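Student: For chain A, the structure is supplied; the task is to place chain B on it using the hints.
Chains A and B supply the protein sequences, listed in that same order.
Oh and the first sequence: position 274 is 274 in my numbering, straight run, nothing missing.
Oh and the second sequence: position 51 is 51 in my numbering, straight run, nothing missing.
Honestly, the hints are just simulated from the structure, not real lab data.
It should be emphasised that the depicted structure is a prediction, and the values quoted were computed from it without experimental measurement.
It cannot be assumed that every hint is accurate.
What the hints assert, rightly or not - Below, in silico cross-link-like pairs of lysine-lysine (BS3-like), each with a Cα-Cα straight-line distance of 27 Å or less:
| id | chain 1 | residue 1 | chain 2 | residue 2 |
| --- | --- | --- | --- | --- |
| 1 | A | Lys2 | A | Lys39 |
| 2 | A | Lys230 | A | Lys30 |
| 3 | A | Lys95 | B | Lys424 |
| 4 | B | Lys391 | A | Lys91 |
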Amino acid sequence: MKWQRKDLTELRGLSAEEITCILDTASEFKGVGQRRLKKVPSLRGKTLINLFVEASTRTRTSFELAAVRLSADVVNITAGSSSLSKGESLKDTAKNLEALAADLIVLRHSAAGAAQFLAERLRAGVINAGDGSHEHPTQGLLDTFTIRERLGRIAGVKVGIVGDIRFSRVARSNLHALKKLGAEVIFIGPPTLVPPEFQRAGASISHRLDDVLGELDVINLLRIQHERQKAGYFPGTGEYAALFGLNAERAARLKPGALVMHPGPIHRGVELDGSVADGPQSVILDQVTNGLAVRMAILYLCASAPREQEETL
Amino acid sequence: MSGGSVNIRGGRVIDPSSGRDETGDVFVVNGKFAKQPAEGAEEVDASGLVVCPGFVDIHVHLREPGQGAKETVESGTKAAAAGGFTSVVAMPNTQPTADHPGIIAWLRNRAKACGAVNVFPTGAITVGSQGEQLAPIGAMAGAGIVAVTDDGRCVQNHEVMRRAAEYCGMFGLPIMDHCQDASLAGSEAVMHEGYWSTLLGLPGWPRMAEEIIVARNVMLSEATGTRIHCQHISSGGSVNILREARARGVAISGEVCPHHIALTDEALAGYDSNFKMNPPLREQSDIDALLGGVADGTIDILATDHAPHTVYEKEVELAAAPFGIVGLETAVGLFCEILLHRRPVIDLPRMVAMLTINPSRLIGIDRGTLSVGSPGDITLLDPNRSWIVDKETFLTKGRNTPFHGWQLRGRAVRTIVDGRTVWKLGA
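So here's chain A without its partners, still in its complex pose (with noise of 0.2 Å):
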């Protein structure tokens, strides 16, 4: 198929053959990073910025990564760096990086539809790279593609995420291209951060990650953040390891080739033991090496997919 799409801001609107496309052009670009010279001409002559509102060193740099091992010239704008901490509308913040001729944004941001909102107004490719509890598209590609290369297939691949799901844009990006690629995904964790409405979009629910850790084939765990605890969806994080962290117990009850993953960063104790993070089935760090495939992937696709005419100034 021929890519056609000048945005990725959900994974939700893609289709299986799409998602497949960025797998397989990853699956190209991962080569790359093998390589002595890690750098292709691809983007050579494109702009584009990294617009940071929310605080993120891991996906940045790994966009950022991506952008140079392409050849694009990147700008990197943080939050507290830019006229929106001014207060500027995000609107008029993207139109001023337009005009400067940014190719492709890549936007960080707290406020769901945040990428699509921008993506709607703006000329530039606009990638989302996290927009506060909606999604996360290169997370869930780069996990998809973690458990297409160690397990050879998606279809009929049982994965149970673990944890903060309501709040988890990981976890809805993980949800639909697993879905779609014909997966089952099964969300694990207590009642009050694992709404039942999540059915309806495909996954099935347990309350008792017990009673299904040695079906999965992929364990991926979320990180458990404080303020949740404040705001009373869990007692403890001491309560919350007992019932749903992954510990060494735990783990010697996978499926012998079950992959552990996690998408970063991990609070070792909480979600998840350090002898785990570090034990022979855990893929965490070729997620992070995959993500960056897998950026390169997007970036080029959506910087070569078709734009619409340029209207007459």
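Tutor: Here is chain B on its own, set in the frame of chain A:
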């Protein structure tokens, strides 16, 4: 200012206050309904049209004082006239809050100077609508308010609300309440809590946030005898609570707005802030329950919650956008379309009652009727007229409507206040 005179002939005259529904004539002489025609007055041929008391909208944000970029008394009342409304009740969440008699007097003077239709002010329940200390309700009653409300907010402290209800009883003033428990709704909610909020990653209001306050208001009204009116009911469960209470004779009532029976939460899928309102769009089951409440009289008032905002305020990330949509110029079309045409929920006389005598009785005004001697407010309605909503033709300053481009059946064609035509379709 003495009123005008007009003779309206040959229309279907519907006056729910008297049960009149017949082809006939209506006369206004010097601003008041009369038995005999006015000599030398304008003659209006109303054949093919419905002649009814002027519509009364008890839920309008005119935005003045302080927010004239969104709307003014002048633009808001012109929009009301164009929508077929002859009277509007202004909400007090202005800047500053209408919580003392000076602002009430200012608004009444403003309406007298430039209002196209009648404006009836409300005052805040509490100072600054902060929910803590009672506003000077007695002084505002003296200045002419028709109700108190902290609309946009909801008094969270039940003790404060109880004392407000007790105190209002002294003046016979109803309380209008924006029913919403803040602890359940949270400060960040932007839409109905359900499947779509879950999918979109947006914090939501559960139905129970509304229903708990509706139930509270039932108890407070029952205990104090003061009429409490639940504004813009959005949740099906609220209808059940109201139905049960009204059957027991509790002085509680509810209103429904067009958007809550026209749209569901799925509309938020594109993160368009023209679908962001408070209370939020809910689900089809809620629409069905609201229509059931309209059908059996549990909900007996129709209102707009006309809430204009500037384009730049609305054109932001959904979380940052203000709540609300304009409604004055689309409400009658939507009510006719949904309640009369799409699936007949009620008949035309019932709908007219919900727009005229019922709201007038709630706030104690002598309008919403064609009775001889009453002020000559009339709406000429063509309930079958097909038209397309075009926000660029609105007289309100607001362009924040989710109904742009909708084809509707039913439109006011002439609006008459005190015997004077204040708006005419195509004029």
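Student: For each hint, tell me whether it holds in the structure or not.
Tutor: Okay, the hints, checked on the actual structure:
1. Lys2(A) - Lys39(A): holds, 24 Å
2. Lys230(A) - Lys30(A): violated, 41 Å
3. Lys95(A) - Lys424(B): Answer violated: Lys95(A) to Lys424(B) is near 42 Å, above 27 Å.
4. Lys391(B) - Lys91(A): holds, 22 Å
Violated hints for the displayed structure, listed by number in ascending order: 2, 3.
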